[in-house]
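2 protein chains.
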Amino acid sequence: MMFRQLFDHASCTYTYLIADPVINAAILVDPVLEQVDRDLKLLDELGLTLQFCLETHIHADHVTGTGKLRDIAGCLGIVPQGAQASCADRYIQDLELLELGKVIIQALATPGHTDNHMAYMVNGNLILTGDALLIRGCGRTDFQGGDAGTLYDTITQRLFTLPDTTLVYPGHDYRGFTASTIGEEKQWNLRIVGRDRDSFVQFMSHLDLPDPKKMMEAIPANEECGRVSVVV
Amino acid sequence: MMFRQLFDHASCTYTYLIADPVINAAILVDPVLEQVDRDLKLLDELGLTLQFCLETHIHADHVTGTGKLRDIAGCLGIVPQGAQASCADRYIQDLELLELGKVIIQALATPGHTDNHMAYMVNGNLILTGDALLIRGCGRTDFQGGDAGTLYDTITQRLFTLPDTTLVYPGHDYRGFTASTIGEEKQWNLRIVGRDRDSFVQFMSHLDLPDPKKMMEAIPANEECGRVSVVV
Numbered sequence: 008m009m010f011r012q013l014f015d016h017a018s019c020t021y022t023y024l025i026a027d028p029v030i031n032a033a034i035l036v037d038p039v040l041e042q043v044d045r046d047l048k049l050l051d052e053l054g055l056t057l058q059f060c061l062e063t064h065i066h067a068d069h070v071t072g073t074g075k076l077r078d079i080a081g082c083l084g085i086v087p088q089g090a091q092a093s094c095a096d097r098y099i100q101d102l103e104l105l106e107l108g109k110v111i112i113q114a115l116a117t118p119g120h121t122d123n124h125m126a127y128m129v130n131g132n133l134i135l136t137g138d139a140l141l142i143r144g145c146g147r148t149d150f151q152g153g154d155a156g157t158l159y160d161t162i163t164q165r166l167f168t169l170p171d172t173t174l175v176y177p178g179h180d181y182r183g184f185t186a187s188t189i190g191e192e193k194q195w196n197l198r199i200v201g202r203d204r205d206s207f208v209q210f211m212s213h214l215d216l217p218d219p220k221k222m223m224e225a226i227p228a229n230e231e232c233g234r235v236s237v238v239v
Numbered sequence: 008m009m010f011r012q013l014f015d016h017a018s019c020t021y022t023y024l025i026a027d028p029v030i031n032a033a034i035l036v037d038p039v040l041e042q043v044d045r046d047l048k049l050l051d052e053l054g055l056t057l058q059f060c061l062e063t064h065i066h067a068d069h070v071t072g073t074g075k076l077r078d079i080a081g082c083l084g085i086v087p088q089g090a091q092a093s094c095a096d097r098y099i100q101d102l103e104l105l106e107l108g109k110v111i112i113q114a115l116a117t118p119g120h121t122d123n124h125m126a127y128m129v130n131g132n133l134i135l136t137g138d139a140l141l142i143r144g145c146g147r148t149d150f151q152g153g154d155a156g157t158l159y160d161t162i163t164q165r166l167f168t169l170p171d172t173t174l175v176y177p178g179h180d181y182r183g184f185t186a187s188t189i190g191e192e193k194q195w196n197l198r199i200v201g202r203d204r205d206s207f208v209q210f211m212s213h214l215d216l217p218d219p220k221k222m223m224e225a226i227p228a229n230e231e232c233g234r235v236s237v238v239v
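So the sequences go chain by chain: A and B.
The C-terminal residue of the first sequence carries number 239 in the numbering used here, and the numbering is unbroken.
The C-terminal residue of the second sequence carries number 239 in the numbering used here, and the numbering is unbroken.
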């Protein structure tokens, strides 16, 4: 398997390129519109054909690159079952497998940051946690059907029950971390550790964060798979 | 081996944490002063003792965290042989090995960006290239004894003769790339590919880049291992 972590500085978003180099087929997870040219160039240089663009959720902080990638590369856009994106080519549901040669990706329903959010386990030992679980943090829960209690359950009952050695690759990072493990987060993620469900809900309700700068543009655009016509 | 890539947004610098978790001992390569608290916290959480801070070169774009880390964690600061840093605890020379449990790091003299620059091969299959070789780029050569012809020789005769599968982890990235391979860079690094030595020298002499913002502060501070008293 080929695995590449890519970063968008403006939104602090991680995009993941996952490929089976034997069949030269690739998936991009959470691509960013402004980085489409970079990502297409990289795919071309690596001799990979983009088969799927996979979203962990409908993003509020950046516009997805899926629509543009689909137009140019002819890939399929996949979003979590239930997500408000009628434009998608395919919906993926809890525990469903997506296979790409020897790469096996399993969707894990991980709601709470948004109402329809999937994490993706890759080949059983690495998980893309989207905005459900960040390194020493978690996604906010104050819009798009977010629910702090649900996120607490997702993290403690679903993600923290994975093997401690599972590598964690988040959807964002703002402090320069690139990876973690489930074991580390179980011990050191102070958003969760030492808090019961009620105190987590209480804590999350007092974050008082401003809306993401691009929210009013990003959500409607992403509900159309980031189609450039919608963005422009 | 434990391997973590860490990023400093302000200077786009990658710091690398390399550890043998069996003996709980760690090395930081190219730490950044402003990230010392983050890095110490991470080491503490991972239960690691910092043994060495290792520099690829004397940096001009950020102040090293080595002095502060040495004061707090009691590690040894290691710089390339010949580097202007009389403060160092140890100098490392071409082909010298640094062992930390089962982690074996070999220094490779890779001058050109600066006159004394080392890349570090980790366990034979991963190389930290510092500012000699960046992903689809290379370091500038217009100060600190930099020499474009020397850098061309370093890249083409030393780095590009490593196995194609060797993973490349650079000292900086400005476009969101985190890793590459020697094979990829041999094919797609257009600073080098398709240019002979003379045309590379010519190209590098016309970059017309402004000096790094922190240069006047960073170089003297780094010649003192980033000692905070010098910085302040």
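Since the hints were derived computationally from the structure, they do not count as laboratory data.
Incorrect hints may have been included.
Just so you know, same-sequence chains aren't split out, so a pair can sit in one copy or run between any two.
[As the list claims (entries may be wrong)] Here are the simulated SDA-like cross-link-like pairs (lysine to any residue), alpha carbons at most 25 Å apart as the crow flies: (1) K109 x Q91; (2) K220 x L83; (3) K193 x D27; (4) K221 x P170; (5) K48 x T188.
Requested in this report: Check K221 against P170 for me: Cα-Cα at most 25 Å, and say if that holds within a copy, between copies, both or neither.
Outcome: So K221 and P170 fail the 25 Å test inside a copy (36 Å) and across (44 Å) alike.
**Report entry** Copy assignment of K109 with Q91, given that the CA separation must stay at most 25 Å
**Finding:** Neither. Shortest intra-copy (30 Å) and inter-copy (50 Å) distances fail the 25 Å Cα cut-off.
Query raised in the report: How do K48 and T188 come out at 25 Å by Cα distance, when the copy is not named: within, between, both, or neither?
Result: This pair counts as between: shortest inter-copy Cα distance 16 Å, intra-copy 30 Å.
**Report entry** Alpha-carbon proximity context of K220 and L83, limit 25 Å
**Finding:** Neither way: K220 and L83 sit 28 Å apart in one copy and 44 Å across, limit 25 Å.
Query raised in the report: Is it within, between, both or neither when you check K193 against D27 at 25 Å Cα-Cα?
Result: Result: close only across copies, 21 Å inter versus 31 Å intra.
Hint compliance for this structure: hints 1, 2 and 4 are not met, and every other hint is.
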